[in-house]
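J.: Below are the chains, spelled out letter by letter.
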Amino acid sequence: MLNSSLKILCFGPARACTGSAEINFPIDVPCTVRDLRSALLRAYPALGDRDTVRIAVAQEYSTDDRTIQGDEEIAIILPVSGG
Amino acid sequence: MSDLVKLSKAPLDVEYCRKLIEDPSAGAQTVFCGAVRNHTKTEKVSRLTYEAYEPMAIRELEFILDRTHNRWPIVKACVHHRLGTLQIGELAVVVAVSSAHRQTAFEACMYIIDELKRDVPIWKREYLESGAKWISDRP
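Sequence lines, in order, name chains A and B. For the record, in the first sequence the residue sitting at position 62 is 62 according to the working numbering, with numbers rising by one throughout. For the record, in the second sequence the residue sitting at position 128 is 128 according to the working numbering, with numbers rising by one throughout.
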């Protein structure tokens, strides 16, 4: 099934960049993690660059080549600062 | 998992963590505590808040403990992280490790806190005299 938006969770500094804890981001899915990150960086330059934005798919860090089908839990993970 | 991995809105209990990793076969117990500091490089800090992507943070902490068990012959390991608002001096994190001998426990404890700081989705917001800001400064 083709969708044209993805629900994305934004925590802490990522929420400050996107303005919301959860966004409906316009993108055609399926897409790759690489595609999603590039589109997010174009829409929200404050997120930084490809080295600062990690994408979690189904609550795990994902590789750039992973395909997002659209029904997974997706989150933007900016550099963490726990501890 | 048991209480060995926990995100807590209540103050952390160091002795509780230490007791979780006690074992008759372990002659060494290391405990690392991370506390809220009252300054950055340039400014005074009045308090902090911590926020987590909680289900993923728990999974990542469990992965870290699994990797630690695979890499060192430790007996038990525990990591508790605080969430919410913390005042100066309060504990943000406690890592406790037991092993037969001390070197293993020291190394494993340092590995756990280093990996936590790199990978576990928890973020700190500092409240400074000049305002509040999220800390997100991995190079």
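Hints are computed from structural coordinates only; laboratory data are not their basis. Any given hint could turn out to be false.
Claimed, not checked - Covered stretches of chain B, going by a simulated chain A footprint (3 or more residues, C-beta under 8 Å):
no., region
1, 10–24
2, 33–46
3, 49–59
As the list claims (entries may be wrong) - Calculated from the model, a selection of chain B residues having no Cβ within reach of chain A, i.e. all distances over 12 Å:
no., residue
4, S2
5, D3
6, L4
7, A28
8, Q29
9, W72
10, K76
11, H81
12, T85
13, G89
14, R102
15, Q103
16, V120
17, S136
What you are looking at is a predicted structure, and each value in this text was computed from that prediction instead of being measured. Quick reminder that beta carbons are idealized off the backbone N, C-alpha and C, glycines included.
J.: Hint by hint, say whether it matches the structure.
T.: Going down the list of hints, with the structure as the test:
no. : hint  : in the structure
1   : 10–24 : violated (count 0)
2   : 33–46 : violated (count 1)
3   : 49–59 : holds (count 8)
4   : S2    : holds, 20 Å
5   : D3    : holds, 19 Å
6   : L4    : holds, 17 Å
7   : A28   : holds, 22 Å
8   : Q29   : holds, 20 Å
9   : W72   : holds, 20 Å
10  : K76   : holds, 20 Å
11  : H81   : violated, 6 Å
12  : T85   : holds, 14 Å
13  : G89   : holds, 16 Å
14  : R102  : holds, 22 Å
15  : Q103  : holds, 22 Å
16  : V120  : violated, 5 Å
17  : S136  : violated, 4 Å
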